[in-house]
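Undergrad: Using the sequences and the accompanying hints, generate a full structural model.
There are 2 protein chains.
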Amino acid sequence: MMPLLNAHTDITEQALNAIAHMPTRSLPVLMDDDFAGRLTDAEVMRIAVLLARKSYDEGGCPIGAVIVDNATRRIVGKGHNTLVQESHPYNHGETSAIRDAGRIDFSATTLYTSLSPCDVCATLLYMRGFSRVVVGDVTNASGNEALLREKGVAVEILEDPTGIDLYARFRLEKPDQHMEDWKGLSAL
Amino acid sequence: MMPLLNAHTDITEQALNAIAHMPTRSLPVLMDDDFAGRLTDAEVMRIAVLLARKSYDEGGCPIGAVIVDNATRRIVGKGHNTLVQESHPYNHGETSAIRDAGRIDFSATTLYTSLSPCDVCATLLYMRGFSRVVVGDVTNASGNEALLREKGVAVEILEDPTGIDLYARFRLEKPDQHMEDWKGLSAL
Numbered sequence: 007m008m009p010l011l012n013a014h015t016d017i018t019e020q021a022l023n024a025i026a027h028m029p030t031r032s033l034p035v036l037m038d039d040d041f042a043g044r045l046t047d048a049e050v051m052r053i054a055v056l057l058a059r060k061s062y063d064e065g066g067c068p069i070g071a072v073i074v075d076n077a078t079r080r081i082v083g084k085g086h087n088t089l090v091q092e093s094h095p096y097n098h099g100e101t102s103a104i105r106d107a108g109r110i111d112f113s114a115t116t117l118y119t120s121l122s123p124c125d126v127c128a129t130l131l132y133m134r135g136f137s138r139v140v141v142g143d144v145t146n147a148s149g150n151e152a153l154l155r156e157k158g159v160a161v162e163i164l165e166d167p168t169g170i171d172l173y174a175r176f177r178l179e180k181p182d183q184h185m186e187d188w189k190g191l192s193a194l
Numbered sequence: 007m008m009p010l011l012n013a014h015t016d017i018t019e020q021a022l023n024a025i026a027h028m029p030t031r032s033l034p035v036l037m038d039d040d041f042a043g044r045l046t047d048a049e050v051m052r053i054a055v056l057l058a059r060k061s062y063d064e065g066g067c068p069i070g071a072v073i074v075d076n077a078t079r080r081i082v083g084k085g086h087n088t089l090v091q092e093s094h095p096y097n098h099g100e101t102s103a104i105r106d107a108g109r110i111d112f113s114a115t116t117l118y119t120s121l122s123p124c125d126v127c128a129t130l131l132y133m134r135g136f137s138r139v140v141v142g143d144v145t146n147a148s149g150n151e152a153l154l155r156e157k158g159v160a161v162e163i164l165e166d167p168t169g170i171d172l173y174a175r176f177r178l179e180k181p182d183q184h185m186e187d188w189k190g191l192s193a194l
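So the sequence lines, in the order shown, correspond to chains A and B. Per our numbering, residue 7 is the first one in the first sequence, and the count goes up by one each step. Per our numbering, residue 7 is the first one in the second sequence, and the count goes up by one each step.
Derived by calculation from the structure, the hints in this document are not laboratory data. There's no promise every hint is true.
Looking from chain B toward chain A, a few residues come up when the C-beta cut is under 10 Å (computed) [what the hints assert, rightly or not]:
| # | residue |
| --- | --- |
| 1 | L89 |
| 2 | E92 |
| 3 | N97 |
| 4 | T101 |
| 5 | F112 |
| 6 | D125 |
| 7 | Y132 |
| 8 | R134 |
| 9 | R138 |
| 10 | L178 |
| 11 | K180 |
| 12 | P181 |
| 13 | E186 |
| 14 | G190 |
Every value quoted in this text rests on a predicted model; they were computed, and no experiment measured them. All C-beta atoms, glycine included, are put in the ideal place defined by N, C-alpha and C.
TA: Here's what the structure looks like:
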């Protein structure tokens, strides 16, 4: 059976949203390699932003991330922040996606994050040897891009205005949660 | 019903092992506050080592950690490495115990780790504002104690010979897993 998203399907916001919500192990049911191979960096970033939107709709911090295999362009991990949803002290977008991918060789992958990585995530990204990190928002938070480059990780900034607007709204609505998530200052 | 471990119970290796294996939320069934209050730093460290032993017996990396509330001496989180068991890229002793504790104010707690923290865990420890970290092994690995002190975390070295022997044996048996866990170099 040909997956819903294939060589003949347009890349729409609805398609990207379905990809964001589908469990990673079930993605082959939803899209084939041709569709995955046509996704641009900006479209993969939009998937990360739609994961951030999912978290926001659940009452959580709106940050998402997607990990793509450099050779096949397959999505091998993705996730969003669950500080609030799971009372999880460090399940950020990046840690969530990396945990979803499991114990693989990350040096052959790129991580797309909707928000600039915090100290913990930046450390994990260089320690687990990612080849490339694409950052969707350095407007609401930034600071570890230079560290990543020093450690040999290629960093690209590809800002997504929808994601930036969403995070800016969250910061205004819940400044304490932003500070807890970004700087570890307990908001409880 | 008075818990099994109380004011009249000796602190034995069997008692510490039962504490290590009991789910944190169920610990009040096993021991009361008097027993918890009598545990010395060395005995809490031994619980971390017994968690490391549990992981080793499961075929995993032998590293454990325990988080104690400074005022009550209650155990509020604990865990061990699950790189192998869960194919988890960064569930180290410290990250496991912090996830187990959930979203609490870590500035009122001490974390006991059977092995010196890696870059990711050291970053998480200062970012989440721990007041004190006790390290049970700087023989098999070390390096981030100075960083933690710079960031305002009190660090004490309290080496546990049983834990050091166990980790040394693991390093000899599975050097690739040690390097993957400690430096992020994929062993797969």
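Undergrad: Closer than 10 Å between Cβ atoms is the bar; does B:L178 clear it against chain A? Give me holds or violated.
TA: Since chain A brings no Cβ nearer than about 22 Å to B:L178, farther than 10 Å, the hint is violated.
Undergrad: Does the CB of B:G190 sit less than 10 Å away from some CB of chain A?
TA: With Cβ-Cβ at 4 Å, under 10 Å, it holds.
Undergrad: So, as I understand it, the hint says B:R138 touches chain A; can you test that by seeing if any CB pair is closer than 10 Å?
TA: violated (16 Å)
Undergrad: May I ask you to test the interface hint for B:E92 with respect to chain A, counting a Cβ-Cβ separation under 10 Å as satisfied?
TA: holds (8 Å)
Undergrad: Any CB of chain A closer than 10 Å to the CB of B:L89?
TA: holds (6 Å)
Undergrad: Against chain A, with CB atoms and a cut of 10 Å, does the hint on B:R134 hold up?
TA: Result: holds, 4 Å to nearest chain A Cβ.
Undergrad: Holds or violated: the hint that B:P181 contacts chain A, with Cβ atoms closer than 10 Å.
TA: Check failed: Cβ of B:P181 comes no nearer than 17 Å to chain A, outside 10 Å.
Undergrad: Double-check B:N97 for me: the hint is only fine if its C-beta lies closer than 10 Å to a C-beta in chain A.
TA: OK, holds: B:N97 within 10 Å of chain A, min 8 Å.
Undergrad: Double-check B:F112 for me: the hint is only fine if its C-beta lies closer than 10 Å to a C-beta in chain A.
TA: Holds. Min distance 7 Å.
Undergrad: Does B:E186 pass the interface hint, meaning its C-beta sits closer than 10 Å to a C-beta of chain A?
TA: Hint on B:E186: holds, closest Cβ of chain A at ~8 Å, below 10 Å.
Undergrad: Can B:K180 be said to touch chain A, with a Cβ gap under 10 Å?
TA: violated (14 Å)
Undergrad: Holds or violated: B:T101 as interface residue toward chain A, Cβ cutoff 10 Å?
TA: holds (7 Å)
Of the numbered hints listed earlier, those contradicted by the structure are 9, 10, 11, 12.
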